[in-house]
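Undergrad: Residues per chain, in single letters:
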Amino acid sequence: MQSFRSLLYRFSTMTTLPSSAPDSTVTKKPTRDVLLVSIWRGEADEGDFEAHSVPAHDNQTVLDVVSWVQQHADPTLSYRFACRVGMCGSCAMMVNGEPRWTCRTHVSKVADDGALTVAPLRNLPVIKDLVVDMDPFFDKWVAAQAVHHPSHSRADPMQPVSTQTPERISANEAIECINCAVCYAACDTVANQPDYLGPAALNRAWALINDEKDAARQEILDAVSGTGGCHNCHSQGGCAHYCPNELNPMASVAGLKRATAMRFFKGR
Amino acid sequence: MQRHRRHGLWLSFALHRLSGLGLAFFLPLHFLMLSQALGGAEALDTALRWTDNPLFKLAEWGLVFLLSVHLFGGLRLIALEWLPWTPGQRSLAAAAVAAAFALSTGFVLTAVVT
Amino acid sequence: MLTLRLYMLQRLSALVMVPLVIGHIAVMIYAVQGGLTAEEILARTKGSLAWAAFYGCFVLAAALHASIGLRTVVAETFGWTSKGLDIFSLAVGLFLSVLGLTAVTAVTL
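Chains as they are written, first to last, in our numbering: chain A, 1 to 268; chain B, 269 to 382; chain C, 383 to 491.
Each hint should be verified, as a subset may be incorrect.
[Claimed, not checked] Computed footprint of chain B on chain A, listed as stretches where at least three residues anywhere in the stretch have a Cβ under 8 Å from a Cβ of chain B: (1) 95-106; (2) 212-218; (3) 251-258.
[Unchecked claim] Example chain A residues on the side facing chain C (calculated, C-beta under 8 Å, incomplete): (4) Gln70; (5) Gly114; (6) Gln193; (7) Asp195.
I should point out that these hints are in silico values taken from the structure, not numbers from a laboratory.
We put the CB at the ideal spot given by N, CA and C, even for glycine.
When you get a sec, could you build the whole thing from the sequences and use the hints?
TA: As structure tokens, then:
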């Protein structure tokens, strides 16, 4: 790793320092006006990290850095983003080994001595560079029955919903998910069990269980009780630790375990 | 260690898994040792003399620690899963380790002093 | 890999063992004072139906709990699935039950 770092630094000195700079500067720590950025290029099994030196600024997000590389150094770099304000959930990447929403992650918080390693999200197939295939992630939402099951039709009058019931409060705690898959990338159980539905899908299933407008509580509990279901969770808490919206999928999965266990005791 | 694992509850998971594995590997040895009694009290006593070795005190500390940390950690997990959600899981996990440490150390001190 | 039924067996066997483990540790603290001797252990356990029941339950719950626990570890570490995994869990459970019940018989009968 150290030699990789010094290589990176050598690369950065080539572009930022005058050619007459003495060799001894190579061993110095990187200066603040340049970031040493290493970005994954290629597919999952075929590719390598590519080094870039990017101008550093006081206020700069990881997405700013990736965009700078794409706009000034290598226009063929592929990555995803849309809203840039933490709402759309499309820009998540692995930054220095941790899953982050890159548009709201400041470089100053995650850089390691001025160095950033940016890789595609863990636990999902890589399409190209920093872009992953989100299909397995969303297929599992459907498999968990984490979809709305209508209890009323448009012909029915509007259903009043109290904001004060314990169920509604639980649903509200789980509802602000932006589908960024940061929790999915943080979860070792997803990494070790390809069938495991994962924290995001199970969190949504728990929100629906508590939603009085959803008509399929039993079907959801069945869907999360199979071989890849909520009972495989080891409460490692990576999901809650990394969720950028500070949700607690671990607590939601625990809620599903509690609900299915209670149903088991009632003999269903 | 991979960076995404550097937080309290992941370490607590790792401790629970390692202590469970340790206990699972110790159990057959423990059973075989006690089965020596089939050959009479003398046979068991011969096997037990092995435990007089001072090094075994360290092993005893380890075994009681594995058992109690798996017990307290497991109680935390069942409470997490079956009781209403309780915040402060990291503190509870740390408390489980502290209690296991105290119990196993107390056990070995009892064995050494008396 | 862990279905609801295996999960319930895992958690229920754990709950059964809570008082048993606490009792076991208490007996250990008592028994270890003044050193371990076979005579002292066997004088306490031989011919006692209560100890046979206590440790018989303990062995069976531990065998069940360990076989499901190791099943998870093996599946997650080596990627074993379906049939091989079932055979492995069953083998671990039987192995620990037989060894454990032999030990219980040895010290109580």
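Undergrad: Given Gly114 of chain A as an interface hint, is its Cβ closer than 8 Å to any Cβ of chain C?
TA: At 37 Å from the nearest chain C Cβ, Gly114 of chain A fails the 8 Å test, so the hint is violated.
Undergrad: Could you check if Gln70 of chain A really has its C-beta closer than 8 Å to a C-beta on chain C?
TA: 37 Å, violated
Undergrad: Would you say the segment 212-218 of chain A counts as covered by chain B, given the rule of at least 3 residues with C-beta under 8 Å?
TA: With 0 residues in contact (Cβ-Cβ under 8 Å with chain B), the coverage given for the segment 212-218 of chain A is violated.
Undergrad: For the segment 95-106 of chain A, do three or more residues have a beta carbon lying closer than 8 Å to a beta carbon of chain B?
TA: holds (count 4)
Undergrad: Given Gln193 of chain A as an interface hint, is the shortest Cβ-Cβ distance to chain C below 8 Å?
TA: With a closest approach of 6 Å, the Gln193 of chain A hint holds.
Undergrad: Is the interface hint satisfied for Asp195 of chain A? The criterion is a beta-carbon contact with chain C at less than 8 Å.
TA: With Cβ-Cβ at 7 Å, under 8 Å, it holds.
Undergrad: Do three or more residues from the segment 251-258 of chain A put their C-beta atoms closer than 8 Å to C-beta atoms of chain B?
TA: That given contact holds, which follows from 5 residues of the segment 251-258 of chain A lying within Cβ reach (below 8 Å) of chain B.
Hint compliance for this structure: hints 2, 4, 5 are not met, and every other hint is.
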